[in-house]
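As given, the protein sequences belong to chains A and B, one line each in that order. Here my numbering is used: the first residue of the first sequence is 15, the next is one more, and so on. Here my numbering is used: the first residue of the second sequence is 5, the next is one more, and so on.
Just to be clear, a hint being listed does not mean it is correct.
Stated by the list, open to error - Coverage of chain A stretches by chain B, computed from C-beta distances (three or more under 8 Å per stretch; other residues unrestricted):
id	stretch
1	36 to 47
2	89 to 97
3	104 to 118
4	121 to 129
Unchecked claim - Computed Cβ-Cβ distance ranges for the label pairs, DEER-style:
id	chain 1	residue 1	chain 2	residue 2	range
5	A	G148	B	P36	36 to 44 Å
6	B	V43	A	F151	23 to 31 Å
7	A	T156	B	F121	32 to 40 Å
8	B	R131	A	R150	46 to 54 Å
9	B	G39	A	S87	33 to 41 Å
10	B	W125	A	G148	47 to 55 Å
11	A	L133	B	A55	27 to 35 Å
12	A	R113	B	N80	16 to 24 Å
13	B	C134	A	S87	49 to 57 Å
14	A	V191	B	Q51	50 to 58 Å
15	A	S96	B	R74	45 to 53 Å
16	A	F88	B	N80	32 to 40 Å
17	B	H133	A	S87	54 to 62 Å
Said to hold, decoys possible - Stretch-level coverage of chain B by chain A, calculated; a stretch enters the list once three of its residues show a Cβ under 8 Å from a Cβ in chain A:
id	stretch
18	13 to 19
19	162 to 169
The hints are simulated quantities; they were obtained by calculation from the structure and are not laboratory data. We put the CB at the ideal spot given by N, CA and C, even for glycine.
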Amino acid sequence: MPSGFTHAPSPKHAERVACPSCDLLVDLPELEEGQRAHCPRCQHHLALSPRGGVVRPLAFAITGLILFIVANSFPFLSFKASGREQVMNLAQAATELMRHGSPTLACIVLALILIGPALSLACIVFITTPLALGKRFVGIATLSKLVFRIGPWTMADVFMIGVLVSLTKIASLATVVIGLSFWAYAGFALMFVATMASLDRRLLWQRIGDPSK
Amino acid sequence: MSRFPSDSAAAQGLTSCPTCERLCQSNERTCPRCGTKIVVRKPASIQKTIALLVTATVLYFPANFLPIMRTEQFGNAQTNTILSGVITLWGHGSYVIASIIFFASVLVPIAKMLVLFWLCWSVTRARQHCQGQRAYLYKLTETVGRWSMIDVFVVAILVAMVQLGAALSIQPGPAALSFAGVVAFTMLAASSFDSRLIWDSLAKEETQA
Chain A
15 MPSGFTHAPS PKHAERVACP SCDLLVDLPE LEEGQRAHCP RCQHHLALSP RGGVVRPLAF
75 AITGLILFIV ANSFPFLSFK ASGREQVMNL AQAATELMRH GSPTLACIVL ALILIGPALS
135 LACIVFITTP LALGKRFVGI ATLSKLVFRI GPWTMADVFM IGVLVSLTKI ASLATVVIGL
195 SFWAYAGFAL MFVATMASLD RRLLWQRIGD PSK
Chain B
5 MSRFPSDSAA AQGLTSCPTC ERLCQSNERT CPRCGTKIVV RKPASIQKTI ALLVTATVLY
65 FPANFLPIMR TEQFGNAQTN TILSGVITLW GHGSYVIASI IFFASVLVPI AKMLVLFWLC
125 WSVTRARQHC QGQRAYLYKL TETVGRWSMI DVFVVAILVA MVQLGAALSI QPGPAALSFA
185 GVVAFTMLAA SSFDSRLIWD SLAKEETQA
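The shape of chain B in the complex, shown without the other chains:
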């Protein structure tokens, strides 16, 4: 019995080229059109995804607890973490901006990591449900990931713009790099996950039916 569902390309000995989406024979080494290596499923997809997720999780702590930037005004230094920045913005009445930053910098990265961990676990289970919803959730994490970089760019712009010597200046904090790391590693994790694994579970239901 095949480990791929009968209506999938893999069951017919065919594979979509990962770069140009040409339908190739699974036993071809490289795509005849663009030369990309042909793999039926991304090799060691789950292991790689989990390794990258663990890296992102480790970086998530310094990213949130260390200061992301330091404001110096007439000798007074004040440090800001991501969350304290959100609270300050909220306090100033910028509710929309505060919500954008809270979503992009706090909620989205943690939700993305949880979703990817859960997806990795779910595809290894014996009985699986809700393929459509899980595929949708994966697509969502893949699309939304890059928008978390907003906070890094905010730091970059503020550091470049606000340099008035002793009167007022802004310096980047160590959390900025950690946070860029969190975003980058979750993006890499999302791209190393093979969403076709979600649908391969349909093969088991075919054998039972």
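Looking at chain A on its own, in the form it has when it is part of the complex:
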């Protein structure tokens, strides 16, 4: 497949943009599905023409939200030592910190691993559903701004690595049983990453500006 950017015989200019990373003026070529455009000077990712437009992130986000509900309804991990068993659910990762004298940290953890990612996915569902139907509603811009504002602060994927590290840390102390919530949260983290990767900022805002495109 030709890369579109350099080999296209007469590139049709879709839009003129300024690279947000280095401020170079770039005429973006018309991208075919699945192609990306990078800034010729600083290699910053400028645009992606995602397969499936806004429908794909919508599908990922809905799947993610369902898994999120499952992840909050079952035991996450359980831990057996000295004849006692301790069952932990997901929210306890934050609430136990509160009980042991770190309320600030508890709120931070709660926001980063549960509220932030779930809020992001819920917003994306609210934004992309009407866009997929060629409509928009009042407040759609505010919601999209929120999604991109909290972007780096949603740490479902980072939390998953943290869980794996904790498991190796206590595997020597006791028996750990992995619960259903663990797998559901792993799926949720995966769907979260997939949603963000398939969502193109430029395309989303184009559609918000003009839903008929």
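Once you have looked at the hints, place chain B on chain A.
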């Protein structure tokens, strides 16, 4: 002579909207599409970045020297700092996990702070080189930053899971919050730095040429 290089949007009186990346006129107050305030360069970018970096640096000391968690086993209390946790893991033969924690919790935060301090200094210099490499370094610090939170989550999970009364229990230490602060403030510092400043130095080379 313009202080922006001639091929930049700023030199043409144009600015990319910080939220939706629409190309706007620099003299517009807000973006017509999404309503975000239009600024040609982030205001007081370097001052803000340095202020946030200083905060992160101050927090880096309690984060590393105070205990991040306390393990109580049959009346014996044992405290762990980030580094002693890494050493214990290494001693148990978990080399991969020990390396991940060492990278994410010790090396990455300090490297990030040094890189950002250096970038802030470099964009104020009269003669500048290696724009491409510096831009790459900035992007790297921006991407890698959130992964340092791993250690905070490890503490959260261990505290939630290991509560077997007198037999074995784990309590959070004061370093956990300081460390979350280090990560948060370096992330804020990275996002308040305006990477376009790195490329604005090309304008000086144009005048000299």
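Verification of the supplied hints:
Check on the stretch 36 to 47 of chain A: 4 of its residues sit with their Cβ under 8 Å from a Cβ of chain B, so the three-residue criterion for coverage holds. Here's how the stretch 89 to 97 of chain A fares: 4 of its residues keep a CB closer than 8 Å to some CB of chain B, so the rule of at least three is met and the hint holds. By the rule of at least three residues with a Cβ nearer than 8 Å to a Cβ of chain B, the coverage given for the stretch 104 to 118 of chain A holds, with 10 such residues. For the stretch 121 to 129 of chain A, the proposed coverage by chain B is satisfied: 4 residues have a C-beta within less than 8 Å of a C-beta in that chain, meeting the threshold of three.
Under the hint 36 to 44 Å, the C-beta atoms of G148/A and P36/B, about 21 Å apart, miss the expected range. Separation of V43/B from F151/A is about 28 Å and conforms to the stated range, judged on CB atoms against 23 to 31 Å. A hinted range of 32 to 40 Å for the beta carbons of T156/A and F121/B is consistent with their spacing of about 35 Å. Between R131/B and R150/A the beta carbons are some 49 Å apart, a value that agrees with the proposed interval 46 to 54 Å.
Checking the proposed 33 to 41 Å range against G39/B and S87/A shows it holds: the Cβ atoms sit about 39 Å from each other. Evaluation of the 47 to 55 Å hint for W125/B and G148/A yields a pass: the beta carbon distance comes to about 50 Å. Against the hinted window of 27 to 35 Å, the Cβ-Cβ separation of L133/A and A55/B comes to about 29 Å, which satisfies the hint. Distance hint for R113/A and N80/B: a CB-CB separation of about 22 Å, consistent with the stated range 16 to 24 Å.
Separated by about 52 Å at the C-beta atoms, C134/B and S87/A satisfy the suggested range of 49 to 57 Å. A hinted range of 50 to 58 Å holds for the C-beta pair V191/A and Q51/B, which are about 52 Å apart. A beta carbon spacing of about 19 Å between S96/A and R74/B contradicts the range 45 to 53 Å that was offered as a hint. Between F88/A and N80/B the Cβ separation comes to about 34 Å, which falls inside the hinted range of 32 to 40 Å.
Judged by the Cβ atoms, the range 54 to 62 Å given for H133/B and S87/A holds: they are separated by roughly 56 Å. Restraint check on the stretch 13 to 19 of chain B versus chain A: 5 residues with Cβ-Cβ distances below 8 Å, three needed, restraint holds. Closer than 8 Å: that is the beta-carbon criterion, and the stretch 162 to 169 of chain B has 8 residues meeting it against chain A, so the requirement of 3 holds.
Against the hints set out earlier in the document, violations occur for numbers 5 and 15.
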